[in-house]
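Using the hints, position chain B against chain A.
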Amino acid sequence: MSVLKITDVSKIFAGPTVAVDNFSLEVANGELVCLLGPSGSGKSTLLRMVGGFERPTSGLMTIDGDDITHLPPERRPTGMVFQSHALWTHMNVFKNLAFGLKLRGLPQDQITEKVEAVLELVGLAGYGTRGVNQLSGGQQQRVALARSLVLEPKILLLDEPFASLDQHLRERLREEVRDIQQRLKITTLFVTHGQDEALAMADRIVVMRDGRTEQIDRPDVVYREPQTPFVAGFIGTMNLVDGAVSNGRFTRADFGLDIPIPDGPATLAIRPEALDLEAAETGEAQVHRVTDYGTHGLVDLDLGDGTRLKAMVAHPDLFSAGQKVNLKPQAMAAYRDNARVYRS
Amino acid sequence: MTDAAPAAPRPLIDSNDSRRPHGLLLVAIPVFLVAWLVIWPIINAIFRTLWRPDETGAIGFNLDSYVFFFSDQYSINNLTITLWTTLMCAILLLVICLPISLYLRFSAGRLPAYVQAMAIFPMFVPSIILAYAFIRVLGPNGMVDIILNSVGLPKIRTPYLTPWGPVIGLVWDNIPLTVLILLSGLGNVANQAIEAARDVGANRFQVFWHIILPRISNSVLVAISFAVLGIFSSFTLPYLLGPASPEMMGPFMNRTFREVNDPLNAITQAVITFCFCIAFGLFYVRSVARNQGK
Numbered sequence: 000m001s002v003l004k005i006t007d008v009s010k011i012f013a014g015p016t017v018a019v020d021n022f023s024l025e026v027a028n029g030e031l032v033c034l035l036g037p038s039g040s041g042k043s044t045l046l047r048m049v050g051g052f053e054r055p056t057s058g059l060m061t062i063d064g065d066d067i068t069h070l071p072p073e074r075r076p077t078g079m080v081f082q083s084h085a086l087w088t089h090m091n092v093f094k095n096l097a098f099g100l101k102l103r104g105l106p107q108d109q110i111t112e113k114v115e116a117v118l119e120l121v122g123l124a125g126y127g128t129r130g131v132n133q134l135s136g137g138q139q140q141r142v143a144l145a146r147s148l149v150l151e152p153k154i155l156l157l158d159e160p161f162a163s164l165d166q167h168l169r170e171r172l173r174e175e176v177r178d179i180q181q182r183l184k185i186t187t188l189f190v191t192h193g194q195d196e197a198l199a200m201a202d203r204i205v206v207m208r209d210g211r212t213e214q215i216d217r218p219d220v221v222y223r224e225p226q227t228p229f230v231a232g233f234i235g236t237m238n239l240v241d242g243a244v245s246n247g248r249f250t251r252a253d254f255g256l257d258i259p260i261p262d263g264p265a266t267l268a269i270r271p272e273a274l275d276l277e278a279a280e281t282g283e284a285q286v287h288r289v290t291d292y293g294t295h296g297l298v299d300l301d302l303g304d305g306t307r308l309k310a311m312v313a314h315p316d317l318f319s320a321g322q323k324v325n326l327k328p329q330a331m332a333a334y335r336d337n338a339r340v341y342r343s
Numbered sequence: 000m001t002d003a004a005p006a007a008p009r010p011l012i013d014s015n016d017s018r019r020p021h022g023l024l025l026v027a028i029p030v031f032l033v034a035w036l037v038i039w040p041i042i043n044a045i046f047r048t049l050w051r052p053d054e055t056g057a058i059g060f061n062l063d064s065y066v067f068f069f070s071d072q073y074s075i076n077n078l079t080i081t082l083w084t085t086l087m088c089a090i091l092l093l094v095i096c097l098p099i100s101l102y103l104r105f106s107a108g109r110l111p112a113y114v115q116a117m118a119i120f121p122m123f124v125p126s127i128i129l130a131y132a133f134i135r136v137l138g139p140n141g142m143v144d145i146i147l148n149s150v151g152l153p154k155i156r157t158p159y160l161t162p163w164g165p166v167i168g169l170v171w172d173n174i175p176l177t178v179l180i181l182l183s184g185l186g187n188v189a190n191q192a193i194e195a196a197r198d199v200g201a202n203r204f205q206v207f208w209h210i211i212l213p214r215i216s217n218s219v220l221v222a223i224s225f226a227v228l229g230i231f232s233s234f235t236l237p238y239l240l241g242p243a244s245p246e247m248m249g250p251f252m253n254r255t256f257r258e259v260n261d262p263l264n265a266i267t268q269a270v271i272t273f274c275f276c277i278a279f280g281l282f283y284v285r286s287v288a289r290n291q292g293k
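So the sequence lines, in the order shown, correspond to chains A and B. For the first sequence, the positions run 0 to 343 when numbering that gives the first Met the number 0 is used. For the second sequence, the positions run 0 to 293 when numbering that gives the first Met the number 0 is used.
The following block holds chain A by itself, in its conformation from the complex (with noise of 0.2 Å):
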């Protein structure tokens, strides 16, 4: 059992600037779960707080209940694959493995051993003697992942690993870090501003935005269910439309919308495969490009004062520049003060 646990931890840099703000997370056993947010928002500090290589300012973390908040990064059960790999260049692939092992003063034999198991288990059999700059950046990654691997840490940390490789290595390695991962059943906390990665990775998605956390769920949930705008603009496309409400009516430009909540302002959020269009003479929004992407199309709305909508249509075909649409949401929600006051 591995269960790495933060609780109120907050790290203020000189200036002051708060990097992270009095975040809390439990990771289960064998989980994996996701830091996602923009640049700035504080995932890594997070992230090198619980590596050792940023002291918190404040707060506790543990990990299986042990202590870990001032502990120096080589007294950590942690292992961390970096963006950069962080390989050693003056080593070959079967040092780099076998240097944390060497450390830890275990026989040559079990060092051999265990390396060649690891490097077996990230496709890398056989590649031992090779000097890491003959690697390619994908093979460079594999290794930096068995580097951290074959020390068996209780919680697995990954910084950004794929950000470095073209975006088909990236897909294919994701993947199989992600099988790694279950069949190892090691409980990994990941950091990532992809929120693909993020999506197809994780167990559980923790969004961040200036130090805090805005949202943790599962990825379908963050996807479909957002708690607050900055979220449901982030993950996904969406379209926010910023209105009024009175007498139960949403109304921004010509578009009009019958939303059960009080007046006031509010922030409308649809996806655009939720927003349905309809020809009409006199319409809502006026169709401003049409973009057929061959399995479905992209039609950018203009409502008049020059707030931008999308729409995914299955037929592009139907629709063309300067069209008039009606617009019908099959699911919105309406967020008020940073919260969700309404959903559909």
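Just so you know, not all the hints are guaranteed correct.
Claimed, not checked - Okay, the calculated bits of chain A under chain B, using three or more residues with CB under 8 Å as the criterion:
hint, region
1, 99 to 109
2, 146 to 155
3, 205 to 218
To be verified - Among chain B residues calculated to face chain A with C-beta under 7 Å, some are:
hint, residue
4, Q191
5, A192
6, E194
7, R197
8, G200
Claimed, not checked - Here are the in silico distance ranges between beta carbons for each label pair:
hint, chain 1, residue 1, chain 2, residue 2, range
9, B, A116, A, G104, 40 to 46 Å
10, A, R103, B, V136, 49 to 55 Å
11, B, Q291, A, G293, 48 to 54 Å
Source of the hints: derived by calculation from the structure; they are not laboratory data. Ideal placement from N, C-alpha and C gives every residue a C-beta, glycine not left out.
Then chain B, alone, in the frame of chain A:
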């Protein structure tokens, strides 16, 4: 009316380009100066010490001046003290400059900036000023003596005019260049490479020994080679701070040439000094090439 043939595209680098000699002319002056002021005197010195008249006046291959140098105890002592001084300086420079460079590389804030300024400061102090500052501070009745005396402590045994005098002066003089070269090497060691080492369990010493040192070995070689080459043939500081006997090769050559008025032996000493320096140089080139080939 005839059709004009299309003009052939002009190659990016034209091997027949008449401007090429201009580029060679730019380097011609420094190459000529090096050949005239460095290479020719070396060849000339070697030739003059090896090819000269014997007792009968017949000109031929003659190793007498070298035989004299290596059979003369005073010359051997001078060469030995030069090698000892160079070795001590190299060791002390590493011992002093490596911690300074590590501190500067891995620290942030205002204090490291002041430390760097202090480490670089000797670069702007002429050797002769440094020598007199040394004498005023560590010499007989210098500042240290006065302070010790004022608190009732005995005088120190001054390093002035002992073999340690040039060592202290030369180390101080070479700190800036050594720190700058080491700092440049340390700049190539990524923070994440160090963090990765700590992550797998390395303590600070193990990080230094297994990760940092191998990555800066070239810079260490460059720094030490530059220092050694300069120190081995140095003159001002050994002349002003060192003992009269034995003396380093620089002052020895000067005295042999000017005071003893023996140009042949002075040139022989210069050739021997040059041979040691070229040996250091070759060792440095070989080590760097080997490291880069890894």
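For each hint, the structure was consulted:
{"no.": "1", "hint": "99 to 109", "result": "holds (count 3)"}
{"no.": "2", "hint": "146 to 155", "result": "holds (count 3)"}
{"no.": "3", "hint": "205 to 218", "result": "violated (count 0)"}
{"no.": "4", "hint": "Q191", "result": "holds (4 Å)"}
{"no.": "5", "hint": "A192", "result": "holds (5 Å)"}
{"no.": "6", "hint": "E194", "result": "holds (6 Å)"}
{"no.": "7", "hint": "R197", "result": "holds (4 Å)"}
{"no.": "8", "hint": "G200", "result": "holds (5 Å)"}
{"no.": "9", "hint": "B/A116 x A/G104: 40 to 46 Å", "result": "holds (44 Å)"}
{"no.": "10", "hint": "A/R103 x B/V136: 49 to 55 Å", "result": "holds (50 Å)"}
{"no.": "11", "hint": "B/Q291 x A/G293: 48 to 54 Å", "result": "holds (51 Å)"}
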